[in-house]
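Which chain is which? The protein sequence lines are P and E, in order. Under this note's numbering, the residues of the first sequence are numbered 1 to 244, in order. Under this note's numbering, the residues of the second sequence are numbered 1 to 205, in order.
If you're looking for bench data, these hints aren't it; they were derived computationally from the structure. Take the hints with a grain of salt, since some may be wrong.
Sample of chain P residues with no beta-carbon within 10 Å of chain E, all distances over it, derived [what the hints assert, rightly or not]:
#	residue
1	Ala90
2	Ile126
3	Asp177
Straight-line C-alpha distance at most 25 Å; calculated DSS-like pairs for lysine-lysine [stated by the list, open to error]:
#	chain 1	residue 1	chain 2	residue 2
4	P	Lys67	P	Lys190
5	E	Lys146	E	Lys121
6	E	Lys32	E	Lys184
7	P	Lys183	P	Lys173
8	P	Lys67	E	Lys104
9	E	Lys56	E	Lys121
10	E	Lys39	P	Lys67
11	E	Lys56	E	Lys75
12	E	Lys108	P	Lys2
13	P	Lys8	P	Lys173
14	P	Lys67	E	Lys121
15	P	Lys207	P	Lys244
16	P	Lys10	P	Lys173
17	P	Lys2	E	Lys56
18	P	Lys8	P	Lys155
For glycine and all other residues, C-beta sits at the position ideal for the given N, C-alpha and C.
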Amino acid sequence: MKLAELYKAKTHSWMMLECNGSAINTQGCVNQYFVHTQHESMLMDPGGIELFSPMLAAILQHTELDKLTTLFASHQDPDIIATLSLWDKAISNATLYAPALWDRFIEHFDLDNLHFEGINDEGGEIQLGGVRLRLLPAHYLHSAGNFQLYDPAAKILMSANVGAAIKTQNDAKYVEDFSKHIKEIEQFHKRWMPSNQAKSNWIARVKELDINILAPNHGKLYQGEQVQEFLEWFDKLDVGSAAK
Amino acid sequence: MMTLSDDTKVVENFVRVAQIIANLESILTQAKNLSLTAKNARVVALRAGDAALGFKPITNFIDEFSEQTINSTTKIADLSNQLFNKALKLVRSSQYYHQMTILKSQMKSTQVESMYQQALKSQRRAASQLSHALSELENHFEDIQKQMQSAEYIAVTSRVEATNAGDFSDSLQSVSDFIASAAKTIKTAVVYNLSEIHTLRGVLR
Numbered sequence: 001m002k003l004a005e006l007y008k009a010k011t012h013s014w015m016m017l018e019c020n021g022s023a024i025n026t027q028g029c030v031n032q033y034f035v036h037t038q039h040e041s042m043l044m045d046p047g048g049i050e051l052f053s054p055m056l057a058a059i060l061q062h063t064e065l066d067k068l069t070t071l072f073a074s075h076q077d078p079d080i081i082a083t084l085s086l087w088d089k090a091i092s093n094a095t096l097y098a099p100a101l102w103d104r105f106i107e108h109f110d111l112d113n114l115h116f117e118g119i120n121d122e123g124g125e126i127q128l129g130g131v132r133l134r135l136l137p138a139h140y141l142h143s144a145g146n147f148q149l150y151d152p153a154a155k156i157l158m159s160a161n162v163g164a165a166i167k168t169q170n171d172a173k174y175v176e177d178f179s180k181h182i183k184e185i186e187q188f189h190k191r192w193m194p195s196n197q198a199k200s201n202w203i204a205r206v207k208e209l210d211i212n213i214l215a216p217n218h219g220k221l222y223q224g225e226q227v228q229e230f231l232e233w234f235d236k237l238d239v240g241s242a243a244k
Numbered sequence: 001m002m003t004l005s006d007d008t009k010v011v012e013n014f015v016r017v018a019q020i021i022a023n024l025e026s027i028l029t030q031a032k033n034l035s036l037t038a039k040n041a042r043v044v045a046l047r048a049g050d051a052a053l054g055f056k057p058i059t060n061f062i063d064e065f066s067e068q069t070i071n072s073t074t075k076i077a078d079l080s081n082q083l084f085n086k087a088l089k090l091v092r093s094s095q096y097y098h099q100m101t102i103l104k105s106q107m108k109s110t111q112v113e114s115m116y117q118q119a120l121k122s123q124r125r126a127a128s129q130l131s132h133a134l135s136e137l138e139n140h141f142e143d144i145q146k147q148m149q150s151a152e153y154i155a156v157t158s159r160v161e162a163t164n165a166g167d168f169s170d171s172l173q174s175v176s177d178f179i180a181s182a183a184k185t186i187k188t189a190v191v192y193n194l195s196e197i198h199t200l201r202g203v204l205r
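All chains should be modelled from the sequences, with the hints used to inform the complete structure.
Okay, structure coming up:
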């Protein structure tokens, strides 16, 4: 397992853990993203137990562990943060950014080392080694307290579960034909995204951003035109199917 | 020494700690009942007057050892929170050690080796801390065991004194029976706990 590069500049780079291994796919592969600057690094959605040692091994190929100063958790699901107590042991001086709404849930991890920084509902930003990263509210998409991370320099939006395709073959990194990809994402978005109002509000805000890559938690990433195609499709989708 | 990466064993040991602590409740309940019995027996002995003269010092003894048992059990209850934390720390550091073992098999580097050694050290420290707390617990249970030996002796003595108490003989006889039965219950719980502690300490050694 290794980290594949998504973006590279003088200031920083974006990488994702490639998980083509069948062992990981059986549990619904989680795309884990890693932002690396000269002095500091950040891991997004640290993931489930099965990904801990592969991710740690991959990170150590790029940086020393004491430079991993930041963890970001978009929401509270087990595939997103089940490894928190293990990371708490591995890194002694890091900050965990996660929705403030989940602070009383995070307390149950009984963390010794990680410093928890709750993100207020309106969002905020993370300064990582001089690189400014925006924390974009995406509440009810799907979680009640949900954030995404936008990097204006790299033009990457880590979109958490928006755009996600569960248990799909990651034979290519990016969506190639969006019309064929719809069958991979339609049921998931109808069922897991509870609110049309939240969805429309998010789309209106995201359309204002310059996005080259939309990077979800699961499945293929969207690049260039595919991003707009996804947003237009999502805009028309009627979500919250279980309540109808 | 326990196979550190064996999650099942680690969790089994955590359950063992939980069982030891659960047993405390029955010890404490019986000790409180003993204390109450001593107070009732004192009232009966007073009413019996000269007929139960030999019973009065016995009630003082009952009071004394039931208080000691309550004190020991309360100290154990205080320890039990620490014990849970220490057992939990051991579970966590064992899980972390297990992950570091996987990492070491995937990647060879000085940093990985250092993390592995750190995890091993932390796991051993957690095991040693739990072992130390168990040893303290063992001492408290041994104290209770001694107190229960006294209780059994007093139950026999009080039975003899009860036969001389005339009309109050039956009431005092039931006090003696209760002391014997409570001491037996407490002893059984303590023997079970000491055996569990012994097993746990063996595993952690």
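Here is how each hint holds up against the structure:
Listed as a non-interface residue, Ala90 of chain P fails to keep its Cβ farther than 10 Å from every Cβ of chain E; the least gap is roughly 7 Å. The beta carbon of Ile126 of chain P is kept farther than 10 Å from every beta carbon of chain E, the shortest such distance being approximately 25 Å. Even its closest Cβ contact with chain E, about 35 Å, leaves Asp177 of chain P beyond 10 Å, as expected for a residue assigned away from the interface. Between the alpha carbons of Lys67 of chain P and Lys190 of chain P the distance comes to roughly 40 Å, so the proposed pair goes past 25 Å and is violated.
Restraint check: the Cα-Cα separation between Lys146 of chain E and Lys121 of chain E comes to about 38 Å, which exceeds 25 Å; the hinted pair is violated. For the proposed pair Lys32 of chain E and Lys184 of chain E, the alpha carbon gap of about 15 Å is at most 25 Å, so the pair holds. A hinted pair counts as satisfied when its Cα atoms are at most 25 Å apart, and Lys183 of chain P with Lys173 of chain P qualifies at roughly 17 Å. About 20 Å separates the Cα atoms of Lys67 of chain P and Lys104 of chain E, which keeps this hinted pair within 25 Å; it holds.
Taking the CA atoms of Lys56 of chain E and Lys121 of chain E, the gap is about 57 Å. The hint is violated against a cut of 25 Å. Taken as a hint, the Lys39 of chain E and Lys67 of chain P pair is broken in the structure, with Cα atoms around 66 Å apart against an allowance of 25 Å. At roughly 29 Å between alpha-carbon atoms, Lys56 of chain E and Lys75 of chain E are farther apart than 25 Å, so this suggested pair is violated. For the hint linking Lys108 of chain E to Lys2 of chain P, the alpha-carbon distance of about 15 Å falls within 25 Å, and the restraint holds.
Proximity of Lys8 of chain P to Lys173 of chain P is assessed by CA-CA distance (about 17 Å); at most 25 Å being required, the pair is judged to hold. A hinted pair counts as satisfied when its Cα atoms are at most 25 Å apart, and Lys67 of chain P with Lys121 of chain E qualifies at roughly 23 Å. Under the criterion of a C-alpha separation no larger than 25 Å, the hint pairing Lys207 of chain P with Lys244 of chain P is inconsistent with the structure, at around 28 Å. A C-alpha spacing of about 24 Å is found between Lys10 of chain P and Lys173 of chain P, which places the hinted pair at or below 25 Å, so the restraint holds.
At most 25 Å may separate the alpha-carbon atoms for a hinted pair to count; Lys2 of chain P and Lys56 of chain E exceed this at roughly 80 Å. Distance hint between Lys8 of chain P and Lys155 of chain P is fulfilled; the C-alpha atoms sit about 12 Å from each other, no more than 25 Å.
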